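Enquirer: Given chain A, put chain B in place with the hints provided.
There are 2 protein chains.
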Amino acid sequence: MKNRHFGDVDGIKEGDVFPDRQALHNAGVHLPTVAGIDGDSITGSSSIVLNAGYVDDLDLGDEIIYTGHGGNKDGKQVEDQSWDGAGNKGLLISELQGLPVRVTRGYKHKSPLSPKSGYQYSGLYQVTDHFEEVGKHGFIICRFRLEKIASTTTSPTIVGGSLPAGTANPGRTQSTVLRIVRDTAVSRETKRLYNYQCQVCGITIEVKGVRYAEGAHIKPLGKPHDGADQPDNLLCLCPNHHVMFDKGVFSINDDFTLHLIGGKLSVHPKHVLDISNLKYHREHICIN
Amino acid sequence: MKNRHFGDVDGIKEGDVFPDRQALHNAGVHLPTVAGIDGDSITGSSSIVLNAGYVDDLDLGDEIIYTGHGGNKDGKQVEDQSWDGAGNKGLLISELQGLPVRVTRGYKHKSPLSPKSGYQYSGLYQVTDHFEEVGKHGFIICRFRLEKIASTTTSPTIVGGSLPAGTANPGRTQSTVLRIVRDTAVSRETKRLYNYQCQVCGITIEVKGVRYAEGAHIKPLGKPHDGADQPDNLLCLCPNHHVMFDKGVFSINDDFTLHLIGGKLSVHPKHVLDISNLKYHREHICIN
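Just so you know, the sequences run in chain order A and B.
Under our numbering, the final residue of the first sequence carries the number 288; numbering is consecutive throughout.
Under our numbering, the final residue of the second sequence carries the number 288; numbering is consecutive throughout.
Wrong hints could be hidden among the right ones.
Identical copies carry no separate label here, and so any pair may be met within one copy or between two of them.
Unchecked claim - Calculated lysine-lysine pairs in the DSS-like style (CA-CA distance at most 25 Å, straight line):
{"id": "1", "residue 1": "LYS136", "residue 2": "LYS279"}
{"id": "2", "residue 1": "LYS208", "residue 2": "LYS279"}
{"id": "3", "residue 1": "LYS108", "residue 2": "LYS136"}
FYI, nobody ran anything at the bench for these hints, they're computed from the structure.
Computed from a predicted structure; not experimentally measured.
Just chain A, same shape as in the assembly (with noise of 0.2 Å):
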């Protein structure tokens, strides 16, 4: 296995600039000179840098949605990508695994934040999502979302597997993050119907006597996605099967069967699902 280094470089602060990709090399902060990924399929991606070779990215500051690697010829797609690749594959694991991915923009990178010249570190940022779509030039891409991240240090992962000692006292930092406001009624109301038992499992949690259940989107409200947060677009899941949901590891047809886990979806009769948010998890969540 890789002894790949997650997290902040020792030495390197966020705002540091180097004058080219080489220079980012010799630094430690992305290793390859050339891709925009620095991953593998194993232990994950650790770095990216934005430099305008992709048409699709959009970069908010704080939130970037990033397009994966592949299919790209003189920054223009040509054909589709897939999730096989060591940087799209290793983006995804970051993701799942909650490891921290370094940012670099570079002077070629369209947005108030990139540097003049040469390539400024951007500090970290972790993989929120993965959902898939046709991009600008017709092909389907993989897209990543990475929200930032306060600076953090992680162990150097030890050949041989002994535990990282971690720390008895971890310290807090205070970050700011862009919340979307949810009429709670809406979830609150979605769950009562169902008695909080999972649509897919029909199991429930039950604390102390109070039942838990969480409202999960159909058509997640995020950008660019922009769901709805109506009763139409929620559905009512164990955590379980609301992660499985989100990461796509299953979806729903039409007629509530459920693609790639078998079964059906239980629905209450008062409860109307807007069919078009199932038909959007399926082409953009859960593609297979």
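Expert: Leaving out everything else, chain B in the frame of chain A:
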């Protein structure tokens, strides 16, 4: 079912001051004129007043550790509290079902945020946690962590069971959060040791061939617990058992048998757990 109002009250803004509890009642902010919690054991608790009634309350501004109701005489704790009372059960419901709680600070409450006189509405909080401990006066107290959230509207509960309409275009709001800085390697390597299988039920969640599990701290990291971010305080769990463990649905005996749900925790020979953390969890998080 009571048609309890959760969320901000029309016409009342954060910072508004009311001369007395009757005025707070008249405004619809907090209906009881004496009790600190406005809640019931069916729909949840919608409002609390902080006014020095409980010696163990801890007010950090955006985070409040609030003492539940009961066993209190003239500001002194004289017997154990229980989770069954309307206010405490109501706050538990608000936690598990994600309901916003209005917070009002009174003139007697010892905090820089308290008004000089009267009662000041401090906006909405969510209950993020509950636990139990022996308070300063030697009796068991029920504790709730509340964290500030942005103002939010909530549709009224419609008796008869129709679902609220919700909104097609939910807005966004910026807020500041205090996060605990974790060494990402601690959780990552612990989960890797178990190949992402839940130590309770053995399942794993697999997304496009990448395994997912969650790192669950046994003694929680947050205040007042101050648990360590170290492998001997960490478990590898599926999302369902993570929620169940954090909310105290089960606990773990020193011989790794599972209290309240049966079975036994799988523990890898290389994973040395600190038994005192299991004891802490039994005594504070899962008390039954």
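Enquirer: Evaluate each hint against the coordinates.
Expert: Verification of the hints:
In the homo-oligomer, the alpha carbons of LYS136 and LYS279 lie at most 25 Å apart inside one protomer (20 Å), although the nearest pairing across protomers, at 56 Å, exceeds that limit. For the identical chains of this complex, LYS208 and LYS279 are inter-copy neighbours only, at 19 Å across copies versus 38 Å inside a copy, given an alpha-carbon limit of 25 Å. In this assembly of identical chains, LYS108 and LYS136 lie within 25 Å of each other by CA distance solely inside one copy; the values are 19 Å within and 61 Å between copies.
This entry satisfies every hint, going by the numbered hints stated previously.
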